[in-house]
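Given these sequences and hints, build the entire structure.
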Amino acid sequence: MTFKGLYSTNKVRMIVILLLEFITSGLVIGTSYISTYIFSFIRKRMINEFLLFCLIVLLLYFASYLGMNLCQYLIEKQIQQYNHQVRAEIIAHFFNDYAHHSPNKVQNILTNDLNLIKSSSLSIYTDIPYYAAQILFVILALWSFHWSLLIIVLFLGSLNLLLPRLLRKPLRKAVRNLSSANASYLKTAENWLDGLTDLQNFMAGKKLSIVMAKASKKLEKANINRTKTIQFLSVLNKASSVLLNFFLLIGTALLITQKIIPFGVIVTVENFSANLLEALQSLTNEVGQISSAGQLNQKIAKDRVPVTDVTEGIEPISLQTHNLSYIFSNGQKLTFPDITIKPHEKVLLIGDSGSGKTTLFKLLLGELKPTTGVVDFFDQNKNKLNP
Amino acid sequence: MKLSNLIKANVLNSILIVFLVLIYGCGSAFSSYVIKFAYNSLSKSHFFQFLYFILVSLITGLVAFIINSVATWLYSRQLQQYIGLIRDNLVKHYYRSKSVSTAAMVNNLNNNLQLLTDQYGNQVLRILSSLFVMITSTIALVMFHWSIAVLVVTLVIITLLVPKLTHKALTKATKKISEQNKKYLNTIFQWFNGLAELRRYLAFDAFSHYLTKKGTDLEQSYVDRQKVMGLAQFINGCANSFSQVAVTFLATILFFAKIVSFGTIIAAGTLASSIFNSALTITTALTRMQSTKNINQQLNELQREIPSTYSNEANFSVIKTRSLKYKYPNNREISYPDMTIKKGEKILLQGRSGSGKSTLFKLLLAELKPTSGQIYFCDKKGNKVKVDRSQISYLAQDNFLFPASIKDNITMFNSKLDKAVERYVKSVQLESNLAGFPSGLETLVDVDKDNLSGGQRQKIVLARNEIQNKPVILADESTSAIDENATNKIISNLLNSGQTIIVIAHNLTKDTKKLFDRVINIDPNRGEANYDV
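Protein chains in written order, with the working numbering: chain D, 1 to 387; chain A, 1001 to 1533.
Since the hints were derived computationally from the structure, they do not count as laboratory data.
Certain hints may be false.
Unchecked claim - Okay, derived cross-link-like pairs now, DSBU-like style, lysine-lysine, Cα gap no bigger than 30 Å in a straight line:
#1 D:Lys206 - A:Lys1092
#2 A:Lys1008 - D:Lys221
#3 D:Lys362 - D:Lys384
#4 D:Lys214 - A:Lys1416
#5 A:Lys1419 - D:Lys214
#6 D:Lys4 - A:Lys1213
#7 D:Lys187 - D:Lys362
#8 D:Lys11 - A:Lys1214
#9 A:Lys1342 - A:Lys1513
#10 A:Lys1183 - D:Lys207
#11 D:Lys77 - A:Lys1227
Shown next, in the form of structure tokens:
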């Protein structure tokens, strides 16, 4: 599931979302910019100007909240529309690939996995433009004060971007474990709860509790692991942002004592740096989370591929098997005599329980692949067919 | 999910977490307070003093953050432990109560618990840390000037009341998501269970139509909830920003009146920011928690202890049915001939497809209630006795095997029956099949890949029921997939016991039929109630 895919679901809405995010971002930064002058007015005791600018700041705040929440709503709409498309593709793929798909696996993919991707990457794809715009506006504001400020911020900011690369692998592993732990729990739950009536009638409640507890433990562990990894990542991010803040304040203080920039900047530069750090942190965290959901994404991408070789072919009219045998996963082997079925023949198949009658059908249908041998189908002119 | 039970899950850990979060709160407030001295120094152009105070502020802030992260990790451990406990309670409840659909059970065990983890469990910790920050920061404000603290507290109370405006709508929207999710899971289960059949009939369109329709309903419910959440958060956000501006305003007035120093304006602003952010976090978290109220109640109800029913073994000597009638939901009615079955009799039940044989079994088991008429179990003296479901072995037409060894599927995990397994394996003619499996009895049943044939599965289910030695056995087409020879041997072994046995089967050989005491035919066209073989 990609940004491109999300975008093409509804291009107009996506553009509106991006524009709205850009504007909202500008409003947020504008608030800090106006505030700088408020503090200058306070120091110079200019009461009327102080009052006016307070009002302007208030209005900017309201507008930014409006923008943010409108965005979230449109984003959810877009994501759900995208999910709709993805679900349709997965369903088609699973139907046409003629492989076995257990219902609980499908349930996990169509609900849990999509939710995981939504919270790990899709919501984040739409957050990214907002934070990118925020960075742009902060750079402009800082530049307008003094170029040296901007250089310090950019230098320390780029350090902040490199860290997630080191931490991508363990985060990815934790997300992958969570998805497979979810799937395995669903599978166990269904395998046992489907037979609840039997378990009740045979008083096997203790065994049920043991099996379910074991499955739950695995899922619990995966959840904890993910939390641990995320916390560790955010601590490292916080440490680097604290360092940035320190150098920023020192630099600003120096410039102020040299009278190069107005005093008010010392207050608002922290707002700017907080906004920048929030944007950088979110971006680094979220990019890290996107790549951690990357493997899950790849798996789902494979499941969406339309199955192209759905054959609409000529009807077979006769069949022949050569040297057919099948080995089950538990080691049991079934061998079949060579069979020739002529056109229009009606054949009765008999054999003891477990001799392989149903298995033979599955081999003929292509639902199972033979361990040795082949099944050949022929048309009216005795040409071999792909069934 | 109850907070009290979450704490009880590990009291020591809970205390540790609270302690750590308290330190976080103190560190956070201290870090903001110290800023006052920094800015006072700067306005007098004392650069190195400024440097020192800033350093103190930043370091305490970072340490506090780390402590909070540790608390978060410890909390997630306890939360997951508690969730394991809840799952265990749910499983026990489902085991003790009447059957609900598997999709409904799984929806609670997985999806709903996941929802509660995110929207309830995780929110609790956020509320705790925000609450501590709020308290410590307010104390710091009082140290500046009492009026600022009063203003902030007032504004916080107002901000806390605002979410009440939207909480009902939010609860409703969250519940809708859960319901739609359940329906979607159910639809997936039903349609993917029959995937092989659907492929054979190339029925893609119907398959796709139903699945996408249910998917759409689910997707819409997410959008609807976001609408409500967005409105709630907008209102909350506006209240928060108004409050921040008001605090700076008051502090500036106090500065103009020479009551506080310049640095106080900024430090008060920072502290007020923390307080309002904490209040916003708390309200958002509370909103989220409130939105799960219904689901949480539902789950708490399900965890109530159901007393296990104690069944006593009653001795009966005859089963009677009188004027028994059953009406199906589609209004078709079946009248059964009056039957009298003595204890220990071996009866073959016959009738055309759809004549009500399986239904008769379900009536005997009290799984269905007759529309009119009665079924009595009587003792020797003719008094009615209650025969519990647990005294009847019911072999249904479909059989369910568990992902465990063949042996365990027979003993149903009761190790006391291990020694008897061999005998019943012989009795149901499973021995020869087992010879073909490398691991024999220990072979694991593969639920996905079907490593057992239909006949083998039926034999295992037969053994599972026979090993229990219940007084009554009702067998419905239990040998339909087993060949003639083996069926004959299995039935003759089965009938060679003191139990009361009723069998439904329609392709038995004449010799096999002779093994029964009598045949009951419930075909409506035949006037005769029963006749001897």
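Verification of the supplied hints:
no.: 1; hint: D:Lys206 - A:Lys1092; verdict: holds (9 Å)
no.: 2; hint: A:Lys1008 - D:Lys221; verdict: holds (20 Å)
no.: 3; hint: D:Lys362 - D:Lys384; verdict: holds (20 Å)
no.: 4; hint: D:Lys214 - A:Lys1416; verdict: holds (23 Å)
no.: 5; hint: A:Lys1419 - D:Lys214; verdict: holds (27 Å)
no.: 6; hint: D:Lys4 - A:Lys1213; verdict: holds (25 Å)
no.: 7; hint: D:Lys187 - D:Lys362; verdict: holds (24 Å)
no.: 8; hint: D:Lys11 - A:Lys1214; verdict: holds (25 Å)
no.: 9; hint: A:Lys1342 - A:Lys1513; verdict: holds (19 Å)
no.: 10; hint: A:Lys1183 - D:Lys207; verdict: holds (29 Å)
no.: 11; hint: D:Lys77 - A:Lys1227; verdict: holds (10 Å)
Checked against the numbered hints given earlier, this structure breaks none of them.
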